[in-house]
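Student: Residues in the sequence shown are numbered consecutively from 1, following this note's numbering.
Don't read these hints as lab results, they were simulated from the structure. Any given hint might turn out to be false.
Claimed, not checked - For each label pair, taking beta carbons as the anchor points, the in silico distance ranges come out as:
1. Glu194 to Pro156: 30 to 38 Å
2. Pro159 to Pro68: 36 to 44 Å
3. Leu237 to Gly157: 33 to 41 Å
4. Leu50 to Arg94: 25 to 33 Å
5. Asp107 to Asn56: 22 to 30 Å
6. Thr177 to Gln233: 31 to 39 Å
Glycine residues also receive a C-beta, built at the ideal position from the N, C-alpha and C atoms.
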Amino acid sequence: MAAVILSACTTATPPGLVGTAQPTNPEPFMTAIDGMTVVPESVECADERLDGRRSNLPGPQLIPAAFPGVVAVRLVRPGRDASDARCHPTLVKRFSCRDASTWAEPDPTEFLLTFGAPQVRVVEGTSSARTQSTADGRTPAEPKRSFTYAEYDLAPGDPLGAVAFEQHAFATCAPATERVVNGVAMRTASVGTETGLVDVAFLVAGDRLAQVVLSGSRWAADERDHAWLTVAQHLRLEE
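Start from the sequences and build out the full structure, keeping to the hints where you can.
Tutor: This is how it looks when you write it as structure tokens:
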């Protein structure tokens with residue numbers, strides 16, 4: 001008896017701001033070997049690996065200096081089957097201001113596949129230091145500070161509209177939050193999620209789009225400003 005393994009990817013309409021087709025779950029397809037054994041063909045939607053090389057991406061400096069932390073960098077590129085219908089993501093179709101995972105803190109792999117980015121480098125950092133940044137400014141917060149920084153190399157001309165999608169989403173869900181930091185235009189928002197309130201931002205410099213999520217215990221205003229400045233300075237230096 002053959003085991004059937006389904007791919008983790010789902011299908012959806014092609015990327016765009018409007019979609020009407022209902023997503024479908026594709027049937028697994030099988031390959032016969034010697035007319036006897038049947039095995040499922042795997043689908044590689046994305047190629048993801050840890051990036052252990054020295055990186056110029058924003059890292060520990062995103063976390064305030066008083067609260068040291070550790071970071072990990074991973075590199076995600078389209079897999080060999082990225083164009084397969086079973087790898088088509090549903091991010092655009094699912095877009096809702098009430099679902100931050102569709103615009104404010106999207107999964108980097110799904111965003112990459114949605115908008116045809118050649119690659120995304122993701123930095124994830126965590127600090128275990130206790131802070132005083134709760135609402136009253138006196139009670140120690142939970143011993144955790146974390147962030148995610150995702151930097152996409154967009155296809156020339158951004159033909160599938162990654163920047164337009166993010167601009168539309170922030171303008172719709174978090175209006176009047178545009179600012180300029182170190183000469184770089186930035187959209188920011190504070191968004192409620194299943195794990196609590198998070199601060200998010202997206203920036204564009206040339207053919208790169210960056211998304212930032214500050215999570216864990218609440219970041220103070222000056223800590224957020226420090227993070228935004230760090231990211232903006234990095235993008236300006238890399239232009």
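Student: Hints first: check each against the structure and report whether it holds.
Tutor: Here is how each hint holds up against the structure:
Judged by the Cβ atoms, the range 30 to 38 Å given for Glu194 and Pro156 holds: they are separated by roughly 36 Å. The beta-carbon spacing between Pro159 and Pro68, approximately 42 Å, falls within the hinted interval of 36 to 44 Å. Between Leu237 and Gly157 the beta carbons are some 24 Å apart, a value that contradicts the proposed interval 33 to 41 Å. Separation of Leu50 from Arg94 is about 28 Å and conforms to the stated range, judged on CB atoms against 25 to 33 Å.
The beta-carbon spacing between Asp107 and Asn56, approximately 24 Å, falls within the hinted interval of 22 to 30 Å. Distance hint check: the CB atoms of Thr177 and Gln233 are about 20 Å apart, inconsistent with the given range 31 to 39 Å.
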